[in-house]
Amino acid sequence: MTSDQIIAILAAAIVAGTPLLYAALGEIITERAGIINLGVEGMMLVGAVSGFTVAVGTGNPWFGVMAAAAAGGAMASIHAFLTISLRANQVVSGLALTIFGTGLSGFLGKPMVGIVAPKTLAIINVPALSSIPWLGPIFFRQDGLVYLSYLIVPLLWFYFYRTRGGLNMRAIGENPAAADSVGINVFLLRYAYTVIGGAFAGVAGAYLSLAYAPTWLENMTAGRGWIAVALVIFAMWDPVKAMLGSYLFGGIDAMGFRLQAMGINVISPFFLKMLPYIFTVIVLIIATRQSLKKHIGAPGSLGLPYDREER
Amino acid sequence: MSNKQAELRSGKLTLTWEKRQLSSPWLSAAIPIFSVFMALFLSGAFLALTGFNPLEIYGAMLDGAFGSAYGISETLVKAIPLALAGLGVALAFRMLLWNIGAEGQFYMGAFAASWVALTFPDLPTQIMLPAMFLAGALAGGVWALIPAIPRAVLGVNETITTLMLNYVAILWVDYLVYGPWRDPAGFNFPLTAPFSAAAHLPTYGATRVHFGLVFALIGAVIIYIVLQRTKWGYEIRVIGENQTAARYAGMSISKNIMLVMFLSGGFAGLAGMSEVSGITHRLQHGISSGYGYTAIIVAWLSKLNPFTIIAVAFLLGGLLVGGYNTQTMGVPSATVSMIQGAILFFLLGGELLTRYRIYFTRKGENS
Amino acid sequence: MDFIAKCGEVHALLGENGAGKSTLMSALTGLYRPDSGEIRLRDKTIELKSPRDAIEHGIGMVHQHFKLVKPFTVTENIALGASTTPFLLNLDKVEAEIVSLAEKYGLKVDPRAKIWQLSVGEQQRVEIIKMLYRGAEILILDEPTAVLTPQEVDDLFETLRQMANAGCAVIFITHKFREVMAGSDTITVLRNGQNVATVKTSETDQNKLAQLMVGREMTAKSLEKKGQPGEVVLKLDKVEAFNDKGLPALQCISTEIRAGEILGIAGVAGNGQRELAEVVTGLRETSGGKIMISGKDYTDRSPKEFISAGVAHVPEDRLGTGLVPNLTAVDNILLKDYRNHQGYFLDLKESRKLAEKMVEDFQIKLSSIDDPIKLMSGGNLQKMLLAREFHSEPKLIVAVYPVRGLDIGATRAVRQLLLEQREQGAAILLISEDLDELMELADKIAVMYEGEIMDILPPTYDNLEAIGLLMAGSKCEEVGA
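Protein chains in written order, with our numbering: chain A, 251 to 561; chain B, 264 to 630; chain C, -19 to 461.
I should point out that these hints are in silico values taken from the structure, not numbers from a laboratory. Don't take every hint at face value.
Unchecked claim - Some, not all, of what chain B presents toward chain A, calculated at C-beta under 7 angstroms: (1) L359; (2) W361; (3) V416; (4) V419; (5) I423; (6) T424; (7) V431; (8) Y438; (9) T591; (10) P595; (11) G613.
Everything numeric in this text was worked out from a predicted model, so none of it was measured. For each residue, glycine too, the CB sits at the ideal point set by N, CA and C.
Chain A with its partners taken away, still in its complex shape (with noise of 0.2 angstroms):
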């Protein structure tokens, strides 16, 4: 294999990897605040959809990233509203969220089936930085989002352990009943939190539908919202790791499609999809038996509701 190629695998990697990124973010946001959103499949389909159905109306595909942003927002407050006001079971409303994004995208999408986005996201040379070596055009001649996307990571880094909201918001994830007792209203940051975890979802669908693909297809995303919360336990709930996870998981995904179309078949591409997947098993276990032992592990109240009553 030439560099030339490695190269190319890589900067596909990025590329691959940068929709896990987008959801596996949005669903560590989510989890760390307490609440297990299973709907990620579901908010990617409709921010997709949303996104490429802006993208062409207006002409502009940043637009169309804010409706995405807006439309997974608005699905994960759906489950906002069950799980939290009304206690329902967060697994099973996960999962609803999941069957009612796919069809509700499948609906709206209808008539955007075959149509070409007039503009999609650029590819935009940084000047300078996309000149390196290697490292240039592997991370600096990609699009507007994955830019982005490198920014938001060290700032949700930031966020997450420097600032007293990240702080509040580790709380209510390991022990809403302690940070209600310090006067922080789980209730409403907890909403706060699963709703920006949608609007993640939502804008990583949208970059599937106008950067990855790009254009509309019905369940484009493929079991890629189910590889995200994989990847939120693989990265243990860390921004930064679950860059790496994302480029990774993305990686295997870009490797088996040039390994195929170079006619190298030594492990069937299907081996290589099933590693995201048995890797995350694997560590799930582990993760459990040390948290048995030590404090490290999913956030102390995932999935709990919290009742005050029950003091």
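Add chains B and C to chain A, keeping to what the hints say.
Showing chains B and C alone in chain A's frame:
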């Protein structure tokens, strides 16, 4: 201290909700029905907004699903895998085991049954079919056992692990049908060679309704009897209701987790076996169109009652068939998923009413 | 009720369970609203609508169950939710403040440590600093020594003393005399929701406190204690065990109960009684010692084996542990018995007949044996539980607070049932908070305190005071029994 959970005041009116002591059986039955209607209403609104006439569409759905003998038979065809998988999922849910992996267990069951059919094509049907039955059930059971063990021993969350294994199973089958098992005479489509006639489940009359229906009906009866009349079923019910009391009574929780998950997967695997043996007569890509996930809705909607599951599977099967029918009218088949998702939403929201009482009082009145 | 706390003082609030201590303190910290009366802070009447209000007024409470985020560091926990915490976290500043507070009040704690790494005593110090950081001048501690080792208790009292000297008013709730005498300046004794007395610690002693706490309205009826106790059914030999928090709950427990005998366990809840019951029914593992039932070793066996050995368990939490609320009466009655049915199937007809018989024999009031039992009253639930447990003609009955929460009628019925079982030759381990009850029913009374059996006494009126003192931790010698 009262049971008040929350209060909202607006002017002279107060909206209170407090925990119910007793859930009324009337409500328990009414809520699922209400949820279906609300979901249909909401989806109807969507249809209207996009230029369709919802009544016309729903009419066409009903007609397609139940309006002719053919329609009903097709509905039954769809109902069979939904019922079998739904029974399996409900069994696990009874013990609060969130088996989201019915889809993968379905695929593994289909795979194992296909393996029997393809490897031993000359078996007589009296041996072939039971062998496929066993293989399908075992494969599904083992596939569910894999996440069950870490759950029983370490308490590892089975929601995610069962989910992840879905994808592994689907990819495994894809590997086979795109690769080593691909039918050389199949024009490169991702499917295997057709099974010998011995591997076909018998069908009824000229319809596609196959013997899997009997599996489902017998399965429902067996599950009902086991749960209500046997010692083991009693243990399952107690563990699902109150784990502390179960331990106090000396029941083994981890053993039951593994056993129940195995059975749950077995039913889903059987659904897969019946689909390849009764309908497609070969293993192919996309053998399940989300039956494993729809089964969750079936189970939830039926409140885990095995007989209700059969009925609900029939209804949701009708929804699927009706959805196909209206495609010719320009309505996307995705509408069906939308309706399913909406039903689930309203169900979840409606459950609130069974757990809490909500009422208004005027200022000055006593509640 | 009236209550006055002064600054510069360590004030102890003493009383048995249910005397009203927690309710009073909850009112002071904004968790409950008083139905009548007022709260005055430095002569100004104040209204407390929420815990936040209380903190703003300088009233801080350290609960028995800590509200700490385990994966966070000490500094992060203290900074969480404090009004002085800026958007951009400046944990170094918080740390410095923590260090200075720690020095001022003598509270040793490492600000960088994570909570899960800290001992319970250290975690408690974090909770205290949390309050001080927010400017609390009145500090209330709810049963602070319940989770501490003796060494940590001493450290705590030193800290409280230093805080009082620095100008705070310190109030701590407890039921243990030794600590009250050692750590406080003033004592208020509560009983049945009333302030029975407020005395200076220097002017009182344990005996007087015992009398105040327990009251003199005790009528001791000595029932006819009949019968020859038979063989030894339960024998505990130096049994030790840990509780859920990992602290020693049972220390070197040795005793025996004979057939036809009731051994009463007296003591304030939380001194190891629950662990004792669990160890004798297979729900908890021991860390030492032996448990023998009718001569056979049953140490650390499973609940199933204890059940088949003829041990019945009437648990503390009847709806949470002993019964399944959503299932019917018939289902619940099966809970112990179901394995004895032949084959795989349950003989439902038999079970229904049995259920109906039990309802009649024990006069249980319920709507139907096919309705979920959570609708039944506490008394009827307990009767049903007893009916079920006694049906198997047990050799040993472990009854934990069997009349808790029951009305007079139900209480009498339950006690009668226990006595009947004794007649039939069962050995009974009766754990109770009610000294009256123990005096009436038990053949001998063992007093438990901090996991040990302080002494075993016959239930006579003369011994009443001694028992009270032992319950609060006085040593045998001091009591002169």
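Checked hints:
1. L359: Violated. Min distance 10 angstroms.
2. W361: Given a least distance of 6 angstroms, the restraint on W361/B holds.
3. V416: violated, 10 angstroms
4. V419: Hint holds; V419/B Cβ to chain A Cβ min 4 angstroms, cut 7 angstroms.
5. I423: Hint on I423/B: holds, closest Cβ of chain A at ~6 angstroms, below 7 angstroms.
6. T424: holds, 5 angstroms
7. V431: holds, 5 angstroms
8. Y438: holds, 4 angstroms
9. T591: violated, 14 angstroms
10. P595: Status holds, d = 5 angstroms.
11. G613: violated, 9 angstroms
When each numbered hint is compared with the structure, violations occur for hints 1, 3, 9 and 11.
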